Every structure is written in C-alpha cells, then in structure tokens.
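Line by line, the protein sequences give chains U and B.
Using this note's numbering, read the first sequence as starting at -19 and increasing by one per residue.
Using this note's numbering, read the second sequence as starting at 4 and increasing by one per residue.
There are no misleading hints in this set.
Which residues of chain U face chain B? A few of them, derived with a C-beta cut under 7 Å, are: (1) E(-7); (2) I1; (3) K24; (4) S25; (5) L27.
Quick list of simulated restraints, FRET-style, between CB atoms: (6) U:K52 <-> B:A77: 45 to 53 Å; (7) B:P210 <-> U:L(-5): 20 to 28 Å; (8) U:K6 <-> B:D187: 23 to 31 Å; (9) B:S15 <-> U:R13: 32 to 40 Å; (10) U:P60 <-> B:H193: 46 to 54 Å.
Hints are computed from structural coordinates only; laboratory data are not their basis.
All figures in this text were calculated on a predicted structure; none of them were measured in a lab.
Heads up, the beta-carbon is just placed ideally off N, CA and C, and yes, glycines get one too.
Here is how the chains run, residue by residue.
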Amino acid sequence: MADKTFPLPDLGEGLIDATIIEWLVKPGDRLERNDPMVEVETTKSALEIPSPLSGIVKTLHAADGETIEVGKPFVTFEVPDEEAGIVGTVPKESEPVRRVRLSLPED
Amino acid sequence: MRDTVTTVDGLSLAAEISGPDAAPAILAVHGFASTAQDNWVAAGWPRALEPLGYRLITFDLRGHGASETPHDPARYTGELLRADALAVLDHFGVERSHWLGYSLGARVGLDLAHEHPERIASLSLGGLPSHNPLSGTVPDSLLAAAAAPGRDAVALAAFIEGFGAEPSTTAEAAEAPTLLVTGDSDTVAHDPEKLAAALGAELVLLPGRTHANAITARGFKEAVVEFISRLP
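Sequences and hints are given; from them, build the entire structure.
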C-alpha cells in the first residue's frame, strides 16, 4: 500500500481557505470515489466535498472547526501501490495530485 | 439536461432537470444570493436525493446565477417569483411537484402552496424565516452574500429593494404536508418551533448549524428523503 495525499482543492472565485464544518469519515473508513467525505464552509457558501478516489482514509489533516488554506494537505488515503504510481520510482512524498473531483460553478 | 425557461415578463431563467422520465418531481429552489449550483449541487443534494428515484428540477432565481439579472426593483416581487417557479414546472410538463426550498426558496414555496395548492405535493422547507429578512434592516450575512464574488450585486440590491416591500409569509398550514428544517444556531430563521406549530409542520433542528451552513447537513438531507418517501 502507498499513501496518497490530497490538498484542499481550489474552490474558485478567489476563495483562499475553507473551514471544516464536519468530516463525514474517519481514519480507517473505506470510501468509494464520489462518496460524501466532508462538509466545508467558505465565506461564500457551504459545500460537500466527495471522495476523490476509492481507498482507505488514513489521515485527516484538519479537525472539525479548523480553517485550512487551499493547496494545503487535506486528506491522505491508503491506496494499492499500482494506483499510487509506478512502484519503486515514485517517492511516497510525491507532489499531491490536484485532480480532486468537485462540482463547482461554471461561471 | 439544461434548458432555458422564459418568464411571464420575458426573462430567461437557467433551469436543469435530471432523473427518470415520468418519475415524481422535486423542484429545489435556492436561497437569496445563492444559485442552484451552490445551494444544491455543490452541497451534495443530487447525490443525497438519488435513492428516491425522483426527477430533480433546479433553476437559478431571477437576479441570480445564470438567469437574467435585471436591475429594476419592480422585477423582484413575490408574485413574479411564484410565477417563475410555475413557468419552470410548466416548461418541463410537471403538473404537481414536491418543493424543496431553502430560506427565500422555502418562503416562495410556502406562498405558492397557499396560492396554487394543486401544484405542490409537499413542502420541505429549510431555514425559513417567519418574517421577511430583506425588509427593514437586512442581516449582515445576507448583505455579505450578495456582495460575494460571482454575484450581481446591483441586481441583488434591486432584489432587496423589490422583495423587501413584501409582507412576511403567511404562517398558516398549507394543504401540502410540510417539513421544516432549521439550524439551531440560525439567527435569520429564529423561533422555528413557533413557526412549525403555526404551519402544522414536522420540525427537524440541526445541532450547531447556522443559516449559512445548514444546507450541507446530513441531518437535513436525511430528513427530506425520509419525509418524502413516507408520503402517500
């Protein structure tokens, strides 16, 4: 198994941070991609961020009520090695993947 | 499927419908200074409502999102907002729909259920104030929301001026079964117990939630799914 860390995704429109309202998961939970994962609140609205992938939650990097900046580590998953990259060539501390799936305003 | 709906006074509204043809419909109507995308989609509602197997219809209220945003306060009356909702239902051929509304969207639904009880099968009302928050001193949180990036602040100022002249909603029971859901820290929609009693509504209070962040709550979504699935 390998770790895969996701940053708080870009929430658009110049929003620089978000406050965790409530994590809907805890370390050890197995999530499918798009399962509801966390509720966050920005200065503009509250939103639910779904899981970016299928895997086991390893670390939540902020607690309920904490504010974190866009781009900072948000959640770490344990995933099978083949999903984390090519075994042996990608260090575990690789660049966070920014492809968190989110439905955001298109305008 | 995205579509454009034309209102009785000739404005274009951005609407969207999803779900199985001929299934019962839920019309979800967002709050002041929000959008269908922010209030429902980004808050996780389509996913939460999926188990019902219903059609979900959303649209951006006039003055909001991808709908037209006139700057004339006269275009923002309760009568026009109710007519807009009916225009959306008519456009998609829906005679009778469940109504899911938040704040302003809840208020419009309650008023419409009194005016056209034949069109509204049930009311799921979130963060419904018993007064008109756009009348008199508007709460800072609503003003800040109107000035947020991506909003048409001039249109929303006109909305406040126009809709602010409306009286409070009629706090009487509608024919439609009614669910009221409010954050217990909501300072805009205060005294939900009294309002629920006046409406003959079931009441669900969301612990620790405010007017701004009740919309994502699991407890809200689960209450609505449970309420609608229990209806005859």
